[in-house]
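My request is simple: use the sequences and hints to build the entire structure.
Each protein sequence line maps, in turn, to chains A and W.
No gaps in the numbering here: position 194 of the first sequence is 194 in the working numbering, and each next residue is one more.
No gaps in the numbering here: position 11 of the second sequence is 220 in the working numbering, and each next residue is one more.
Think of the hints as simulated: they come from the structure by calculation, not from any bench.
A few chain A residues facing chain W, derived, Cβ under 8 Å: (1) Asp36; (2) Ala38; (3) Glu41; (4) Tyr44; (5) Ala49; (6) Thr69; (7) Thr147; (8) Ala150; (9) Phe169; (10) Val170; (11) Glu172; (12) Arg190; (13) His194; (14) Gly205.
Glycine included, each C-beta is placed from N, C-alpha and C at the ideal position.
So the chains spell out like this:
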Amino acid sequence: MARPALRMMGRPDGTPHARVARLDRDRPAVEAARADPARFEALYRKYVAQVYSFAVYELRDHHDAEDATERTFLAALANLHRFEERARPGEDAEASTFRIWLFQIARNTVAERRRVRHRRPEAPLEAAIGATDPMDVEHSAIVREETAAAWQAIGRLPDDRRRAVVLRFVHEMSTREIAQILGRSEGAVRVLLHRALRSVAGDLGRGRS
Amino acid sequence: MTSASFGRDGDIEAFVMDRYLESLLAREPIEPDGVPPDLARTARRLAETLPRYHPSFRFEEALAAKLAAVAGRIQGGEVVILPRVPGADPVPVERSFGARPVVIGGVLTSAALSLAGAAFVAWRLSRPPAAGSSRALRAVIRARPV
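Have a look at this one:
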C-alpha cells in the first residue's frame, strides 16, 4: 500500500511548504534491499509468482518460464541501484513503480527468449495448461475446456494485445501500470485491450459454433 | 497502433470497456452499459477462467538460494562486467533499449567472465597484429602526435 508522506516543496516566494506525495508501496523493501542485498528476498517472494505467471503466458513453456524468471530477478538484484522510484502524487494507491520496473525487465527478458526460441518449435499450449495447475484434478471438464479455449485464444493474439490482456486479467494491473510496462499511452492500452477482447470473443464464438 | 487509428467511437467504446473491466476486476461489476454483450461476456470469462501460475516450490527455493548467494557477493563488493539488461535502466519507458556492458556488483560466474575478458584484451593488445595492413595502421596511430 502506498503511503502518503510529507515532502518539503519550495513556494514561489522561496519559503518551503509541505505537500503530500505518494510513495511507492515497495519503497521500504527496496530501501532495505539497497542497504543489504540479502533483504532483496522479500521483494523476490512477493513477486516471483507474478513474474513466473507472466512468463508462462508469454513463453508457454514452464522450463523457459523458469529461465526467464531467474534472469529477471538476477537482473533486478544486480541493477537495483539503478532503479528510480517514479510514484507521483495522484498515483494509484496500490501503485508500485518497482513492480512496473520489474515487469519491464521481465518483458524484455521474455522478448529475448522468444527471439531465440523462434529457431525451434514451441511447446504445445495444452502442455502448459496441464502441467501447471495443481488443482487441475479437481476442475470439472467444462472448466478445463473453457480454460483451454481461453488460453488458446489468447495465444493467437499479437504480442502487445496478449501482454495487455495477461497483465490486466491475470495480474489485475491498472491501465496506467500496463501503459508504463508496455511503453504505450493509457489510451493506446485501452484500445489494445478492446481489440484483444474483440478477437478473443470472435475466437471463442467460433469455438462454440 | 495508436488510439488515433482506432477512431473516436472506438476510443469511447474502449474507455467504457475499461471502466467496466475496472469494476469487474475489483469484484464490484457495474452494469455493462455501452459495452457490447459479447465483449462483456468474454471479459467475465477471462476474469474467471485465466489461471495464475505459480512456480514449483523446488524452483522457488533454488532461485532464492541463488539470489542469496549473489546478494552476498554484491555485499562483498565484487565488481564485474555483465551484459546490460534491457529495461533495467531508469529511463523513460518510451525509449528503446540498446545493448552495452555495464559495471556492477555481481556473481561468481560473471566474475570469471570478467577476468577472462580482461585477460583476453591484455593478451590481444600485447600480440603483434598478424595482417600487414593492421601493422601499418598501428604504426600510423603510434606515429600520430598526441
